[in-house]
Amino acid sequence: MQDKIPRKRVQLNLLQAFRGVAALLVILFHIDQLSNETLKQPFLFDFFKFGSAGVDYFLVLSGFVAIYAHWHELGHRSFENFKTFLLKRCIRIYPVYWIISLIVVAFFVLIPGFAKAGDLTPEFLFKSFILFPQTESPLLNVGWTLILIVFFYLVFSLVYLLPTGLYLGLVALLLIGSSTQFFSALSVTNERPILQLLTNALNLEFAFGSLAAWLVLKNNLPQRKAIFWVGSVLLLTFGILHASKLILQSEGAVDPISIFGITFLINRVLVFGIPCFLIVLGAASIDLNEGRQIPKFINYLGDASYSLYLMHSPIVSAMTKIAVKLGLNGSVLQSTLVNFVILAVAIAVSCLFYSFVEQPVVEFLRKRLIKKKAVPKTS
359 MQDKIPRKRV
369 QLNLLQAFRG
379 VAALLVILFH
389 IDQLSNETLK
399 QPFLFDFFKF
409 GSAGVDYFLV
419 LSGFVAIYAH
429 WHELGHRSFE
439 NFKTFLLKRC
449 IRIYPVYWII
459 SLIVVAFFVL
469 IPGFAKAGDL
479 TPEFLFKSFI
489 LFPQTESPLL
499 NVGWTLILIV
509 FFYLVFSLVY
519 LLPTGLYLGL
529 VALLLIGSST
539 QFFSALSVTN
549 ERPILQLLTN
559 ALNLEFAFGS
569 LAAWLVLKNN
579 LPQRKAIFWV
589 GSVLLLTFGI
599 LHASKLILQS
609 EGAVDPISIF
619 GITFLINRVL
629 VFGIPCFLIV
639 LGAASIDLNE
649 GRQIPKFINY
659 LGDASYSLYL
669 MHSPIVSAMT
679 KIAVKLGLNG
689 SVLQSTLVNF
699 VILAVAIAVS
709 CLFYSFVEQP
719 VVEFLRKRLI
729 KKKAVPKTS
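For the sequence shown, this note's numbering gives the first residue as 359, with consecutive numbering after it.
Everything labelled a hint here was simulated from the structure, so no lab data went into it.
These numbers were taken from a predicted model, which means no experiment stands behind them.
Heads up, some of the hints might be wrong.
[Said to hold, decoys possible] Straight-line Cα separation of at most 20 Å, SDA-like style, residue types lysine to any residue; simulated pairs: (1) K654 - A706; (2) K446 - L516; (3) K446 - D661; (4) K441 - Y452; (5) K730 - W429; (6) K683 - F466; (7) K398 - F698; (8) K474 - P491; (9) K583 - L569; (10) K441 - K730; (11) K583 - A375; (12) K654 - F714; (13) K485 - E549; (14) K441 - S515.
Go ahead and model the full structure; you've got the sequences and the hints to work with.
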């Protein structure tokens, strides 16, 4: 699976910076969503309705990092590498997710009226905590993307166990299955959550990221700045069109188009996934070939992006409901001010959580559970 040794890995500062930007976009998207649903007022003319594209960036980036970080291991089957890879991913994903989920459960128990019917049933909670597909979104609603990411990591980990030909065949089948979601007649609803996971079109975004990693490791890409700016302009253009209710407005955020009697679905993978692929491809190539210094605060937001992504959701939801109870949604101006306060609180609390909970917990578990590879002695 690899035919030459790639260049030495370097710090990908631009990708890290955009990780923070993507997290902020998702926060702004949820604030806009709840402003309309709960406060009954738009937020900044619904411009950040396209903020959900931050999710697409995370999925593309996950595919990129998996290949980029483990390039030298590809093609070398090893049960030890298989275990280490999954252990690292579990440490990165689950402890922080569990802590925040437990906080939400405690909040629901202590303050009746915030939980929906079924939120506290044992089966729902168990599936939510292990990130197992189900008909409803997990307790922490952003967890639906983590289900996709965990599935991707499970599939990727098989590269350490299976012969190359068999592994590539499995990946090809999964990509074909995911591609069926572009056809209306073959689309799968969330009533069959496992089948929907296997055929989810968003799985293609991991493939986009993997392709981006292969391209930057194999090529210098002299057009890297043009690639980056084309992706950025496309994302902003599609985002404005989406916010203007011109694209991705039908059920499931897809636009059906009939060609020769066959209904094709234009979904977010095409509208947001491809621009994010170009952004990751261009930014990574710039990082590898030119390097970029990023302001410390932006770099910090990138480091804290996982806490920002997970922690903001219950904060925004709770504060929005409290604002309604206090009658702070009487006008667009009033709601806008409330939303900016919610944004500031969500960012501040998430960053504090990252510095004082996520970072020390993850570092502690890594030191205790992950064995360091022995360094060969030199004479």
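Pairwise hint evaluation, F698 against K398, where the allowed Cα distance is 20 Å at most: holds (16 Å)
Pair hint K654 and A706, alpha-carbon separation not exceeding 20 Å: With Cα atoms ~16 Å apart, K654 and A706 stay inside 20 Å; holds.
Restraint check for K485 with E549, where alpha carbons must lie at most 20 Å apart: holds (15 Å)
Restraint check for K730 with W429, where alpha carbons must lie at most 20 Å apart: holds (19 Å)
Pairwise hint evaluation, D661 against K446, where the allowed Cα distance is 20 Å at most: holds (17 Å)
Given pair status - A375, K583, alpha carbons within 20 Å: At roughly 16 Å apart (the allowed maximum being 20 Å), A375 and K583 satisfy the hint.
Pair hint outcome, K441 versus K730 [Cα-Cα no greater than 20 Å]: Cα-Cα ~13 Å, so holds.
K474 paired with P491 [C-alpha distance capped at 20 Å]: It holds: about 19 Å lies between the C-alpha atoms, which stays within 20 Å.
20 Å limit on alpha-carbon distance, applied to hinted pair K583 and L569: holds (18 Å)
Restraint status (C-alpha distance of K654 to F714 at most 20 Å): Given pair K654, F714 holds - Cα atoms ~18 Å apart, limit 20 Å.
20 Å Cα cutoff - pair K441, Y452: Holds, because 16 Å separates the two Cα atoms, which is no more than 20 Å.
Satisfaction of hint between L516 and K446, Cα-Cα up to 20 Å: OK: K446 and L516 at ~15 Å, within 20 Å.
In this structure, every one of the numbered hints holds.
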